[in-house]
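There are 2 protein chains.
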Amino acid sequence: MSKNNQPLPDNVTTQKNNDDITHLLLRPVAIDTYRENVAYLHRDCAVYRAEGFQALSKIEVRANGRHILATLNVVDDLSIVGCGEVGLSEDAFVQLGVARGEKAYVSQAEPPLSMEALFRKINGERLNKEDFRGIVSDIAQHHYSKIELTAFVVATNRGEMDRDEVYFLTQAMVDCGRRLDWKESLVVDKHCIGGIPGNRTSMLVVPIVAAHGMLCPKTSSRAITSPAGTADTMEVLANVDLPFEALTEIVLKHHGCLAWGGASDLSPADDVLISVERPLSLDSASQMVASILSKKIAAGSTHLVLDIPIGPTAKVRSMRDAQSLRRLFEYVASRLNLSLDVVITDGRQPIGFGIGPILEARDVMRVLENDPAAPNDLRQKALRLAGRLLESSPDVRGGDGFSIARDILDSGRALTQMNAIIQAQGSHHFDYHHPSLGALTFEVKAPKAGVVTSIDNMHIGQIARLAGAPKIKGAGVDLLKKMGEQVSAGDVLYRVHAEIEADLTFAKDLCAKASAYMIGSADDISHVFVEF
Amino acid sequence: MSKNNQPLPDNVTTQKNNDDITHLLLRPVAIDTYRENVAYLHRDCAVYRAEGFQALSKIEVRANGRHILATLNVVDDLSIVGCGEVGLSEDAFVQLGVARGEKAYVSQAEPPLSMEALFRKINGERLNKEDFRGIVSDIAQHHYSKIELTAFVVATNRGEMDRDEVYFLTQAMVDCGRRLDWKESLVVDKHCIGGIPGNRTSMLVVPIVAAHGMLCPKTSSRAITSPAGTADTMEVLANVDLPFEALTEIVLKHHGCLAWGGASDLSPADDVLISVERPLSLDSASQMVASILSKKIAAGSTHLVLDIPIGPTAKVRSMRDAQSLRRLFEYVASRLNLSLDVVITDGRQPIGFGIGPILEARDVMRVLENDPAAPNDLRQKALRLAGRLLESSPDVRGGDGFSIARDILDSGRALTQMNAIIQAQGSHHFDYHHPSLGALTFEVKAPKAGVVTSIDNMHIGQIARLAGAPKIKGAGVDLLKKMGEQVSAGDVLYRVHAEIEADLTFAKDLCAKASAYMIGSADDISHVFVEF
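Residue numbers (this note's numbering), protein chains in the order written: chain A, 1 to 532; chain B, 533 to 1064.
Be aware that a few hints might be false.
[Claimed, not checked] No farther apart than 30 Å at their CA atoms in a straight line, the calculated lysine-lysine pairs in the DSS-like style are these:
no.: 1; chain 1: B; residue 1: K1003; chain 2: B; residue 2: K1040
no.: 2; chain 1: A; residue 1: K445; chain 2: A; residue 2: K513
no.: 3; chain 1: B; residue 1: K635; chain 2: A; residue 2: K103
no.: 4; chain 1: A; residue 1: K508; chain 2: B; residue 2: K635
no.: 5; chain 1: A; residue 1: K448; chain 2: A; residue 2: K508
no.: 6; chain 1: A; residue 1: K471; chain 2: A; residue 2: K508
no.: 7; chain 1: A; residue 1: K481; chain 2: A; residue 2: K508
no.: 8; chain 1: B; residue 1: K1003; chain 2: B; residue 2: K980
no.: 9; chain 1: B; residue 1: K1045; chain 2: B; residue 2: K977
no.: 10; chain 1: A; residue 1: K513; chain 2: B; residue 2: K635
no.: 11; chain 1: A; residue 1: K103; chain 2: B; residue 2: K1003
no.: 12; chain 1: A; residue 1: K482; chain 2: A; residue 2: K471
no.: 13; chain 1: A; residue 1: K183; chain 2: A; residue 2: K253
no.: 14; chain 1: B; residue 1: K1014; chain 2: A; residue 2: K103
no.: 15; chain 1: A; residue 1: K482; chain 2: A; residue 2: K513
no.: 16; chain 1: B; residue 1: K635; chain 2: A; residue 2: K471
no.: 17; chain 1: A; residue 1: K448; chain 2: A; residue 2: K481
no.: 18; chain 1: B; residue 1: K1045; chain 2: B; residue 2: K1014
[As the list claims (entries may be wrong)] Facing chain A, from chain B, some residues (calculated, C-beta under 8 Å):
no.: 19; residue: S611
no.: 20; residue: S677
no.: 21; residue: T682
no.: 22; residue: V686
no.: 23; residue: A687
no.: 24; residue: E901
Quick caveat, the hints were computed from the structure, so don't treat them as lab data.
From the three backbone atoms N, C-alpha and C, an ideal C-beta is built for every residue, glycine too.
Just chain A, same shape as in the assembly (with noise of 0.2 Å):
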């Protein structure tokens, strides 16, 4: 409609709908169309052919004084939606609210308000705040469809985002959602921006720096596209999906919390992007560090210190791209007057031995037991990350905080405020010695003998995903030997775990594709100049 053109309203009688011809009985569809609406309309439905709807176009679903957006999809199956009803698929007949067979109408949807700066932006213009608030409330609000969704993650792309549209974007995020206040001055947090199997260094440094008593309440995410996320491996040891309430009191109690931060409510737009940048395997700086900050500023957090790995089969990898990204981060971080300390780490190759839920819980078990087998680098790396941590306590020296986090480590502390969060999230039984993995293994050996020069990040958690994890909590990839250790051929590399036979078959044919591993000579070896 456009802006010049002058109402009417004396010279044309508007009626209400009548409700009698166009209402519908509302019916659930047992469909999961992830995270996007949909809704079944049978083709023979009297108000399907009256509005003139096209499959796919969007419509809107009213019910008690209730309402959502959703994409039609026509059905010719009376047993899937009767022509006087209105389906919908799970997701969205939760959103909705609204019980079986209440009455229902649907209508042409009006296109978000926000549409209008999202084709702005997809035509290369720079968009303000007021536009970026119109348009991750909608986002949140699940007005965007899948389509619309795809549009604004493409046109926000890298390269197509200055740093203060990244910060406006990052603040539209945080205040569609709810943002906790811990009423504390120091609410610490670490993260990482991932793409490192076996990297949980989460659940060291939380009980390094929750023991020396700063508040430290992290939420995680369950794998997306990894074999486990901290989430997964957390859960091996307890409860994950706690009640918000229950959380607060456990973080006021123990200091912090290791639990999955899903349902919280905390940044709700980030939840709905995450749903087409999964699929395009589509990670791009700008939206990277909105997602990181606006889910941190919202949970209460004042300071952050956020690990980027490098490495060639690492998210980023080059020192180049990592200090642009890192000036992205501090940029946005300080004007949303965030705390936050990035280090740049080695990601070479996978932290630790283990690769799935199981097998990353006891090599976590391991380095808070002080068991000699513990996987060297995920002790060191955890303890400068917990040390930088402790540096953000105005009582604790710059470059103090390393001997600090190793003595809460080597004394126990850390193991005994792991096991008070464990109890207090509600235990699982877990024998760090007798982990319960996958009955179906196999191995890969080296083909020659030589030195492991590297080790295909995204390749061995592919193949760890395949032989079940996350899913199947014991399954997954143990590594035997890591990059620079010498090996003779057919010396054991690494070991599948899988519980389901096609699992390991799946697994099975992908390592024989490559197996992830390089065998060279010591010189073969890329170095990478970073801190730890």
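Here the structure of chain A is known, so what remains is to put chain B in place on it, guided by the hints.
Coordinates of chain B only, in the frame set by chain A:
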């Protein structure tokens, strides 16, 4: 998988999937997902569990030596798909072309090979000919999900493509489908970029140039977002959905046809891309040029007259934009060896009186019958476009086209030609003196005296759509006043026709918001400087 993995064929034995464990039975699911293949697996399906699929991920479905890619929806209702079944949405089932109940196998789909080029385009790089060939071929074969299609469309939007890239894209779109060869040196066509309701010049230009003996095999689309396409309007008079062989015969005998181009497999990637362009209302210059020119080249045209209307509510709003679009069309057409004549026309208001299939067919027949009630703007525009096309014939002097076209129309030869084409395609009964318009009507009147200074193309089109056009052929809007006409307060500006009470209400509601007409003084009329 990174490139430097060493395959270890001797150390890992690959075993073939055990068919008995992993096969599923194929079944159609009667849901229309509009050109996006969707596969349905039950959440408790053993294969789903084993493979670690996620909702919305892409899977490959294989059966009987055929295979398709589909987006996965997870189902929790055994009546939609059972645990031992894989369901396919309507289009997907047809595309796979294997009978219900046959054994089918599913697996994680490898991403399409062209995905790598798509990511480069998303990141702002220029693509080469082979990149576009790969992408377009994957699109035409339905290897892209809706999300990936959207990413492509947004990443190749205005300003992101140089003119050689547009040429590569167009050529790739031609190459991936069928291409007709009429064995004639002169095969003419006309096309309008759209956006102007009532603009049915093709139904006049085709009989005029065909009467002159030129070959004009016109295929048109049905309305996508407009109240009527040429195919919808022609369908009032004759069959438009003809098998390819019948069409060829008609063209060879009568020099022309007016048919629906939907099933002809000309530029099939275009039909896929439109499924995301339409919901986004995205119509970038690059996509428009590639879409239009690929269809024309594939249809075997050698000469094209292209109509670019400009006006405040047309697709193109300024002469600068029209000229830049003209240059892009000309560059690509010339690389493809298509003779192109671009005319920039007055797009400030609808053409003719009627908007909607029957109303527009009435206007067309009035012009062909030389009826004094014929809309003069439609007649003049058609004559000028036909004249330009006639001048592509070597025996017509530049400047003579218009008068030749007028002679053909005035003498009744165009009507005779049109009737022959109608008979050949299979005529429908239509009496243009008594068109069967929707019986439910209301009128919108001038709120004050003055001159009609503008008619909003988009808004009046939307009113006609809500009234039921194009699905209901007799629905639509009949304009009684056009731009520049003097009106008194209370004069009827236009009449809306509908068949269904609800449609009438929806249209009336929209008219109450804005009439689409502006009444003012003659000085308020916007000026455009166009050839005609």
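Evaluation of the provided hints:
1. Pair hint K1003(B) plus K1040(B) holds up; C-alpha atoms about 18 Å apart against a cutoff of 30 Å.
2. Taking the CA atoms of K445(A) and K513(A), the gap is near 14 Å; set against the 30 Å cutoff, the hint holds.
3. Our distance criterion of 30 Å between C-alpha atoms is broken by K635(B) and K103(A), whose separation comes to about 41 Å.
4. The hinted pair formed by K508(A) and K635(B) meets the criterion: a straight-line CA distance of about 25 Å does not exceed 30 Å.
5. Note on K448(A) and K508(A): the hinted pairing holds, with a Cα-Cα distance of about 20 Å set against a maximum of 30 Å.
6. For the suggested pair K471(A) and K508(A), the alpha carbons sit about 18 Å apart, so the restraint of at most 30 Å is met.
7. This hinted pair checks out: K481(A) and K508(A) have alpha carbons roughly 19 Å apart, not beyond 30 Å.
8. Note on K1003(B) and K980(B): the hinted pairing is violated, with a Cα-Cα distance of about 34 Å set against a maximum of 30 Å.
9. Of the supplied pair hints, the one linking K1045(B) and K977(B) holds, its CA atoms being roughly 14 Å apart against a limit of 30 Å.
10. For the hint pairing K513(A) with K635(B), the CA-to-CA distance comes to about 27 Å; that is within 30 Å, so the pair holds.
11. For the hint pairing K103(A) with K1003(B), the CA-to-CA distance comes to about 27 Å; that is within 30 Å, so the pair holds.
12. With a CA separation close to 26 Å, the supplied pair K482(A) and K471(A) stays within the 30 Å bound.
13. Annotation: proposed proximity of K183(A) to K253(A) holds, straight-line Cα distance about 14 Å (limit 30 Å).
14. Among the hinted pairs, K1014(B) with K103(A) is inconsistent with the structure: their alpha-carbon atoms are about 43 Å apart, more than 30 Å.
15. Distance check on the hinted pair: K482(A) and K513(A) sit about 20 Å apart at the alpha-carbon level, within 30 Å; holds.
16. Distance restraint check for K635(B) and K471(A): the Cα-Cα separation of roughly 27 Å lies within the 30 Å cut-off, and the hinted pair is therefore satisfied.
17. Distance restraint check for K448(A) and K481(A): the Cα-Cα separation of roughly 14 Å lies within the 30 Å cut-off, and the hinted pair is therefore satisfied.
18. Restraint check for K1045(B) and K1014(B): the C-alpha separation of about 20 Å stays at or below 30 Å, so the hint holds.
19. Given the 8 Å rule on beta carbons, the hint for S611(B) holds: about 6 Å separates it from the nearest Cβ of chain A.
20. Hint status for S677(B): holds, given a least beta-carbon distance of 7 Å to chain A, under 8 Å.
21. Hint status for T682(B): holds, given a least beta-carbon distance of 4 Å to chain A, under 8 Å.
22. Interface hint at V686(B): satisfied, since its Cβ lies 4 Å from the closest Cβ of chain A, which is below the 8 Å cut-off.
23. For the restraint placing A687(B) at the interface with chain A, the shortest Cβ-Cβ distance is roughly 6 Å, inside the 8 Å limit, so the hint holds.
24. Proximity of E901(B) to chain A is violated relative to the hint, the smallest CB-CB distance being about 31 Å (cut-off 8 Å).
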